[in-house]
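Student: Sequence:
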Amino acid sequence: MPESVECPFCLGLDTEQFSAFGSALSVSQYYCRPCRTVFEWMKRKDDPRPSDNPEGAHS
381 MPESVECPFC
391 LGLDTEQFSA
401 FGSALSVSQY
411 YCRPCRTVFE
421 WMKRKDDPRP
431 SDNPEGAHS
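Read in order, the letters of the sequence shown are residues 381 to 439 in my numbering.
The reader is advised that the hints may include incorrect statements.
Unchecked claim - Restricting the straight-line Cα-Cα distance to at most 25 Å, the calculated cross-link-like pairs of lysine to any residue (SDA-like) are:
1. 423 with 396
2. 425 with 385
3. 423 with 401
4. 423 with 404
5. 425 with 404
6. 425 with 409
7. 425 with 394
8. 425 with 401
9. 423 with 397
10. 423 with 384
11. 423 with 387
12. 425 with 386
13. 423 with 413
14. 423 with 385
15. 425 with 383
16. 423 with 399
17. 423 with 389
18. 425 with 396
19. 425 with 388
To be clear, the hints were calculated from the coordinates, so they are not data collected in a lab.
As the structure is a computational prediction, the values presented were derived from the model and not from experiment.
Could you build the full structure based on these sequences and the hints that come with them?
Tutor: Structure (C-alpha cells):
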C-alpha cells in the first residue's frame, strides 16, 4: 500500500495512512493533513506482474 495517496477532497498529497482497514477489507483509511479529513482508498493492483500478463511477456 502506498504511504501517501491523493486526497479526493482537496487533491493534496500530504496524506498518511490512518488505518490499514476501513469499512471493508478492500479499503484502507488515509488522513489528509491540509483539510484534516479521513477518507477511504480502494486497495488495488495498478500494474499486473509479468507472470500475470503472458501476452505482454518479452522473449
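Student: Hint by hint, say whether it matches the structure.
Tutor: These are the hints, each one checked on the structure:
{"no.": "1", "hint": "423 with 396", "result": "holds (15 Å)"}
{"no.": "2", "hint": "425 with 385", "result": "holds (14 Å)"}
{"no.": "3", "hint": "423 with 401", "result": "holds (10 Å)"}
{"no.": "4", "hint": "423 with 404", "result": "holds (10 Å)"}
{"no.": "5", "hint": "425 with 404", "result": "holds (17 Å)"}
{"no.": "6", "hint": "425 with 409", "result": "holds (17 Å)"}
{"no.": "7", "hint": "425 with 394", "result": "holds (22 Å)"}
{"no.": "8", "hint": "425 with 401", "result": "holds (16 Å)"}
{"no.": "9", "hint": "423 with 397", "result": "holds (12 Å)"}
{"no.": "10", "hint": "423 with 384", "result": "holds (13 Å)"}
{"no.": "11", "hint": "423 with 387", "result": "holds (15 Å)"}
{"no.": "12", "hint": "425 with 386", "result": "holds (16 Å)"}
{"no.": "13", "hint": "423 with 413", "result": "holds (21 Å)"}
{"no.": "14", "hint": "423 with 385", "result": "holds (11 Å)"}
{"no.": "15", "hint": "425 with 383", "result": "holds (15 Å)"}
{"no.": "16", "hint": "423 with 399", "result": "holds (12 Å)"}
{"no.": "17", "hint": "423 with 389", "result": "holds (18 Å)"}
{"no.": "18", "hint": "425 with 396", "result": "holds (19 Å)"}
{"no.": "19", "hint": "425 with 388", "result": "holds (19 Å)"}
Figure legend: structure checked against the earlier numbered hints; every hint is met.
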